[in-house]
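Undergrad: Letter by letter, the chains look like this.
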Amino acid sequence: MPLRNDFDQLVDVKGGFISREIFVDADIYRQELDKVFTRAWLLVGHESLVPNPGDFYTSRMGEESVILCRDKKGEIHVFLNSCRHRGMKVCRYEQGNTSLFTCPYHSWTYTTDGKLQGVPLHRTLYDGVLDREANSLVSVAKLCNYKGSIWATWDKDAPDFLTYLGDAKIHLDQALDCRDGREGGSEVIGVHKWVFPANWKFAAENFLGDTYHNPSHRSVDLIGIGPSAAAGKKGRRDDELEKAEHVWISFPAGHGVHSAIQPEANEYTESFLDNPILEKYFRHCFEERKRRLGEGARLLPFVGTIFPNTSYHGRQPRGLCAWHPHSPTSTEGWRFFLVDKDAPKEAKEYLRRYYMRYSGPAGMTEQDDMENWLYATAASTGTVARRYPFNYQQSMGAYVTDHPLGGDVSKQVTEQIARGFYRRWTTYMQGGDWHELLGSPAGNRQAAE
Amino acid sequence: MTTTVGDQDRQSATNAAIERSAAYYRLKADVEDFYYHEADLLDDRRFRDWLELLTEDVSYFMPIRRNVKFGQQVARENTKRGEGISWFDEDKWTLTKRVEQILTGVHYAEEPLSRITHMVSNVQIKEARPDIGTARELDVTSRFLVYQNRVEYETYIFVGRRNDTLRLTDTGWKIARREILLEQNILLAKNLTTFF
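Which chain is which? The protein sequence lines are A and B, in order.
Quick note, the first sequence lines up with residues 1 to 449 if you use the numbering used here.
Quick note, the second sequence lines up with residues 1 to 196 if you use the numbering used here.
Among the hints, erroneous ones may be present.
Stated by the list, open to error - Using 20 Å as the maximum straight-line C-alpha spacing, the simulated PhoX-like pairs for lysine-lysine come out as follows:
no. : chain 1 : residue 1 : chain 2 : residue 2
1   : B       : K92       : A       : K341
2   : A       : K115      : A       : K35
3   : A       : K233      : B       : K97
4   : B       : K80       : A       : K348
5   : A       : K345      : B       : K97
6   : B       : K69       : A       : K234
7   : A       : K193      : B       : K80
8   : A       : K89       : B       : K97
9   : B       : K80       : A       : K233
10  : A       : K115      : A       : K72
11  : B       : K92       : A       : K234
As the list claims (entries may be wrong) - Derived CB-CB ranges, DEER-like:
no. : chain 1 : residue 1 : chain 2 : residue 2 : range
12  : B       : D44       : A       : L405      : 47 to 55 Å
13  : B       : Q124      : A       : R387      : 52 to 60 Å
14  : B       : Y36       : A       : E63       : 37 to 45 Å
15  : A       : E63       : B       : L113      : 50 to 58 Å
16  : A       : E267      : B       : D57       : 33 to 41 Å
17  : B       : L113      : A       : I277      : 51 to 59 Å
18  : A       : E267      : B       : N149      : 45 to 53 Å
19  : A       : T211      : B       : T134      : 54 to 62 Å
20  : A       : H85       : B       : H37       : 38 to 46 Å
21  : B       : D91       : A       : P263      : 45 to 53 Å
22  : A       : T98       : B       : L188      : 22 to 30 Å
No lab work stands behind these hints: they were computed from the structure.
Just so you know, even glycine gets a beta-carbon here, dropped at the ideal spot from N, CA and C.
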């Protein structure tokens, strides 16, 4: 049995075995928080949650509470939600507008740009010399507003966000860009937050192009809950990709996507048949997108995970997920639901209803995901179970490395993406430098040896 | 039709709204009986029969409860019916789909079926239309405690309030509008596979 700290043995990418320890062990989990979650870029929120100066939205990075805040000048910040004096959360509201964050404990106050402002009895008890600057709220090292989505990292040496994304960018773009091909322009219409007893990596992996788990959604596919269900179409979404060539891509930084390339003719697939206004609107968006992006419009996103814990659904239902670790066997799921800010009212109304019946803990599709993740975690904690690694041998070697989309591209359902994800996870756990974490050839070689 | 209780802005309707007459208590006993029957249907897993207790135009709503600053509870604590994202904001079509899904036998989040008990209490009629003696439509508030045990060790307890509008039909009372206020912010359950 491999030693718990021998990550190369725990994650055997070449043989296609990954130890269950990394999904259940408390010590490995503590190390993950330190070595993965304080370094990688994490999704914090979306600019539409803080549209005005003074707006804030409390979020999470790893296990810790952070405040996403737009200061008086309109600049966006992300701070650790903890007073520098005794650590009390300075904000326990989810969202709002304020000019100051006042700690309930001893009333230290912080401005919306994180600076310590008020210290009661500053002159008498601190001789008037307490260094306010040095006692500001702890800020993330780097922050990026990428097409409205807000990302941050605690590592000052981390590469900029676009470098971190690498070739996964154009896939994530399609979750963030307007349906008609204009850049950005999305807004969050609501957020689901719930806790489920499973390791966070089950959720991350689910969206890494694990198309293989499709049979677990048989019940919704049988009854039909998609945007054309009332018109008699089965399935949980419109089959926009029925003529497309599917691609599963593992990127060197650990990200993975399942996208699709439409045939050259790239003709509109009928969708949203249950509502004539929507049918017309999405047909229009499709044609506009084709006109705007040309050849590029042939690429359609499906799902993906940006390492380590941000996932997206690119089309139906569209949104971003953050899988916040709670414990080795518990995760807090957040799902940010996205629409085009300027979509017609009817479209927004329809989509929000579709999102609710599909997604999250009350969603007919995703309920079955949570069931799988829970019992896969629970059945892996046992002494005997831990001796037997998970099998990751699917579609070994069935990929090309010279595809124009970059990364390891597979044309068949594959665990190459999961293997790539855990290979990179290993590099983080071994304290690799950023050159290696981005999956430079040296990084790959090291992991493969 | 007059206004309906139900959503958060009307939660604090006073008890004095309706006189506690004999007619009130007779009607309240009917309503309680209706709720006990509803709980039986759900707990006996007679989901299709439960659907029959909903009007065709039913609106079934469970907001997400948010942590807001004092003074903003009424305006901002709960997500709103008809806008944005809630736990449920459903019509009969969707609720029927949920029932059909359970009945496929391969909805793994409810296969094997959970053991569920619905407790209903604190029933009060807040408004009767046109009046208590000849009521055809009622606004009713109540509390619920829903216990769910799943497979072996999974246990969830959902506690909260319900604000209903009931309508009298040829086949008895039916639920025309339901607001379910679960007393949780972050959902402390992996799933919401039951009805409330």
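Undergrad: With reference to the structure, classify each hint as holding or not holding.
TA: We went through each hint and held it up to the structure:
1. B:K92 - A:K341: violated (29 Å)
2. A:K115 - A:K35: violated (28 Å)
3. A:K233 - B:K97: holds (13 Å)
4. B:K80 - A:K348: Cα-Cα ~15 Å, so holds.
5. A:K345 - B:K97: Judged against 20 Å, a Cα distance of about 25 Å means the pair is violated.
6. B:K69 - A:K234: violated (45 Å)
7. A:K193 - B:K80: The given pair, whose Cα atoms are some 16 Å apart, holds under the 20 Å limit.
8. A:K89 - B:K97: Judged against 20 Å, a Cα distance of about 42 Å means the pair is violated.
9. B:K80 - A:K233: At roughly 30 Å apart (the allowed maximum being 20 Å), A:K233 and B:K80 break the hint.
10. A:K115 - A:K72: holds (12 Å)
11. B:K92 - A:K234: With a Cα-Cα distance of about 18 Å, the restraint between B:K92 and A:K234 holds, given a limit of 20 Å.
12. B:D44 - A:L405: 47 to 55 Å: For A:L405 against B:D44, whose Cβ atoms are near 53 Å apart, the range 47 to 55 Å holds.
13. B:Q124 - A:R387: 52 to 60 Å: holds (58 Å)
14. B:Y36 - A:E63: 37 to 45 Å: Since B:Y36 and A:E63 have Cβ atoms about 44 Å apart, the given range 37 to 45 Å holds.
15. A:E63 - B:L113: 50 to 58 Å: violated (34 Å)
16. A:E267 - B:D57: 33 to 41 Å: 39 Å Cβ-Cβ, so the 33 to 41 Å window holds.
17. B:L113 - A:I277: 51 to 59 Å: violated (39 Å)
18. A:E267 - B:N149: 45 to 53 Å: holds (51 Å)
19. A:T211 - B:T134: 54 to 62 Å: holds (59 Å)
20. A:H85 - B:H37: 38 to 46 Å: violated (57 Å)
21. B:D91 - A:P263: 45 to 53 Å: Since B:D91 and A:P263 have Cβ atoms about 37 Å apart, the given range 45 to 53 Å is violated.
22. A:T98 - B:L188: 22 to 30 Å: Given about 28 Å between the Cβ atoms, the range holds.
Checked against the numbered hints listed earlier, the structure breaks hints 1, 2, 5, 6, 8, 9, 15, 17, 20 and 21; every other hint is satisfied.
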